[in-house]
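Visitor: For what it's worth, full-length UniProt numbering labels the leading residue of the sequence shown as 1, then goes sequentially.
Warning: the hint list may mix true and false statements.
[What the hints assert, rightly or not] Below are the SDA-like pairs computed for lysine to any residue, each with C-alpha atoms no more than 20 angstroms apart in a straight line:
(1) Lys192 with Gly456
(2) Lys245 with Ala207
(3) Lys290 with Ser304
(4) Lys248 with Ala262
(5) Lys245 with Asp215
[Unchecked claim] Quick list of simulated restraints, FRET-style, between CB atoms:
(6) Phe172 with Val326: 20 to 28 angstroms
(7) Gln220 with Pro329: 16 to 24 angstroms
(8) Asp140 with Thr309: 40 to 48 angstroms
Calculated directly from the structure, the hints in this document are not laboratory data. Glycine residues also receive a C-beta, built at the ideal position from the N, C-alpha and C atoms.
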Amino acid sequence: MSDTATVYRHQPTSHRTHLAEPPVRHIAVVGGGTAGWMTALLLVNSGYGERIRVTVLESPQVGAIGVGEGSTPWMRGFFEEIGIEESEWMPACDATYKAGITFDGWSTRPGFERYFHAFASMLDNLTMTQFVDNVHRRLDREDVHAHPDRYFIAARLARECKAPRPRHEFPFDVWYGYHFDSVKLGQFLQRKALERGIHHLPRHVGAVQCDERGDIAALQLESGERFEADFFVDCTGFSGLLIEKTLKTPYTSYADALFNDAAVAMPTPLEGPIISQTISTALRHGWAWKIPLTARYGNGYVYSTAHCTPEQAETELRQHLGLLDVDVPARHLRMRTGRVDRHWHRNCLAVGLAQGFIEPLEATALMLVQRTASLFVVALERGDLGESAQAAFNTAVNAQFDGTRDYIVAHYKTNTRTDTDYWRANAANTHLSEPLVRLLRTWLARRPIVDGIRSGAFGQGYPVMSWYSLLAGMGLFPDDVGSHASGDAPQSLAAIDNLIERSARNFPDHRELLGAIPPRPREESLQLYFW
Numbered sequence: 001m002s003d004t005a006t007v008y009r010h011q012p013t014s015h016r017t018h019l020a021e022p023p024v025r026h027i028a029v030v031g032g033g034t035a036g037w038m039t040a041l042l043l044v045n046s047g048y049g050e051r052i053r054v055t056v057l058e059s060p061q062v063g064a065i066g067v068g069e070g071s072t073p074w075m076r077g078f079f080e081e082i083g084i085e086e087s088e089w090m091p092a093c094d095a096t097y098k099a100g101i102t103f104d105g106w107s108t109r110p111g112f113e114r115y116f117h118a119f120a121s122m123l124d125n126l127t128m129t130q131f132v133d134n135v136h137r138r139l140d141r142e143d144v145h146a147h148p149d150r151y152f153i154a155a156r157l158a159r160e161c162k163a164p165r166p167r168h169e170f171p172f173d174v175w176y177g178y179h180f181d182s183v184k185l186g187q188f189l190q191r192k193a194l195e196r197g198i199h200h201l202p203r204h205v206g207a208v209q210c211d212e213r214g215d216i217a218a219l220q221l222e223s224g225e226r227f228e229a230d231f232f233v234d235c236t237g238f239s240g241l242l243i244e245k246t247l248k249t250p251y252t253s254y255a256d257a258l259f260n261d262a263a264v265a266m267p268t269p270l271e272g273p274i275i276s277q278t279i280s281t282a283l284r285h286g287w288a289w290k291i292p293l294t295a296r297y298g299n300g301y302v303y304s305t306a307h308c309t310p311e312q313a314e315t316e317l318r319q320h321l322g323l324l325d326v327d328v329p330a331r332h333l334r335m336r337t338g339r340v341d342r343h344w345h346r347n348c349l350a351v352g353l354a355q356g357f358i359e360p361l362e363a364t365a366l367m368l369v370q371r372t373a374s375l376f377v378v379a380l381e382r383g384d385l386g387e388s389a390q391a392a393f394n395t396a397v398n399a400q401f402d403g404t405r406d407y408i409v410a411h412y413k414t415n416t417r418t419d420t421d422y423w424r425a426n427a428a429n430t431h432l433s434e435p436l437v438r439l440l441r442t443w444l445a446r447r448p449i450v451d452g453i454r455s456g457a458f459g460q461g462y463p464v465m466s467w468y469s470l471l472a473g474m475g476l477f478p479d480d481v482g483s484h485a486s487g488d489a490p491q492s493l494a495a496i497d498n499l500i501e502r503s504a505r506n507f508p509d510h511r512e513l514l515g516a517i518p519p520r521p522r523e524e525s526l527q528l529y530f531w
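Working from the sequences, and respecting the hints, build out all of it.
Guide: Right, here's the structure in full:
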């Protein structure tokens with residue numbers, strides 16, 4: 001992402017109808033699931049269309065992980081790009097709208113125990129300047145309101161359980177994400193892929209064969225078949241069958257900066273209004289998620305096994321949900337945080353968990369899938385799959401991974417909890433990237449971070465709005481607020497309150513909209529520019 005809003009805009013395929021012959025004819029996607037089918041759909045949606053054959057090989061022996069149930073706003077761009085309406089896919093996947101994420105209990109600073117990370121809207125152009133101005137006044141010890149929740153329409157919509165999709169006559173867009181049943185989403189994408197001519201081969205890969213140059217030549221299937229293709233996409237999850245086990249691509253771990261390596265998940269019934277936000281609540285050894293679907297809540301606890309056992313984590317989650325004595329099954333999972341050094345290596349592209357994983361705190365997994373696949377489509381359409389194209393691609397994807405990691409790490413580093421060794425260790429963590437260290441030092445020195453983010457000096461992967469919301473939302477301000485005041489009049493909040501209150505009236509109740517999701521207008525979406 002740039003310093004603009006978290007928006008996704010891909011050029012329509014109509015301008016790509018005169019491409020030369022494709023550099024590859026047959027692409028094999030090894031592994032299905034959401035990552036595999038998303039990648040396959042983006043490949044067939046390229047300017048080459050039917051001139052490239054795409055086959056998805058999906059092992060009947062490997063089930064979907066099926067826990068990640070939230071997205072960033074990039075997912076809206078994915079469906080717009082491939083031409084699938086919300087009214088078609090959302091009911092099929094029990095999906096709801098997502099205006100952002102509440103972080104509850106991460107900070108103990110008075111007045112900042114809870115904050116909302118809002119997804120961007122066009123209205124933010126009218127409030128962002130005032131927010132940033134008050135943040136810097138508070139950094140200079142002025143007693144002004146600098147909590148992000150008051151400045152952004154998405155926070156108001158989430159608080160009122162409204163859908164972040166306005167009525168058609170309201171001219172200001174909100175760039176929202178979704179919650180969904182991840183298993184049903186994978187199944188839906190598979191159906192759409194088959195409709196669009198993607199080939200499906202339900203086979204388990206037993207071995208991988210390479211040629212004399214070291215490229216992947218064929219897959220040896222357990223059925224005895226030998227499957228050949230020109231290019232291979234590794235969507236085999238944490239096993240990394242092609243990218244790691246076969247091509248021996250080096251792996252960079254994030255474990256020294258991100259301590260969580262496990263999760264436990266369980267559902268609860270959906271009652272009352274349907275919220276339009278993910279809620280992340282800090283617990284003793286990690287954090288719990290609460291995700292609304294149309295038929296249930298998805299809940300889970302992401303934690304560090306160095307600080308508690310899976311049994312202790314499950315007990316704490318059950319206590320948090322009021323299910324200590326209720327017979328609701330729990331599902332335990334292990335995670336590995338980090339990334340491969342080369343996501344595109346030889347004639348193989350790794351996508352999804354095979355390329356890397358950053359813990360689910362900001363629901364970035366599918367965004368990284370989408371960005372990786374879309375960047376590869378751009379390279380494919382240019383017709384250059386050589387070493388220089390690979391190097392530029394890997395640099396870009398690594399920057400996205402590392403920048404996203406830094407944003408996630410910053411949540412833990414800036415926490416002020418002292419109740420357990422886990423939180424104290426996160427606050428004391430010195431395994432920070434050099435860009436993140438510079439960003440935090442700039443903030444603590446009470447200097448603006450805007451130019452550094454926009455120039456790429458630090459803070460890559462998230463826009464200015466997100467960084468200011470995080471650091472201000474956690475209350476990272478001097479303790480002696482009120483000891484200084486400038487001669488300038490502070491920003492008036494009355495006008496902002498009035499703007500957001502009147503604007504919120506144009507957004508429907510979340511449950512009401514989900515009951516009858518209208519098709520989106522066919523006119524071209526506006527390009528939104530923000531901080």
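Visitor: All hints, please: hold or fail.
Guide: Hint check results:
1. Lys192 with Gly456: violated (38 angstroms)
2. Lys245 with Ala207: Given pair Lys245, Ala207 holds - Cα atoms ~10 angstroms apart, limit 20 angstroms.
3. Lys290 with Ser304: Given pair Lys290, Ser304 holds - Cα atoms ~19 angstroms apart, limit 20 angstroms.
4. Lys248 with Ala262: With a Cα-Cα distance of about 25 angstroms, the restraint between Lys248 and Ala262 is violated, given a limit of 20 angstroms.
5. Lys245 with Asp215: holds (13 angstroms)
6. Phe172 with Val326: 20 to 28 angstroms: 43 angstroms Cβ-Cβ, so the 20 to 28 angstroms window is violated.
7. Gln220 with Pro329: 16 to 24 angstroms: Given range 16 to 24 angstroms: violated, Cβ gap about 37 angstroms.
8. Asp140 with Thr309: 40 to 48 angstroms: Hint holds: Cβ distance 46 angstroms, inside 40 to 48 angstroms.
Consistency with the previously given hints fails for numbers 1, 4, 6, 7, ordered from lowest to highest.
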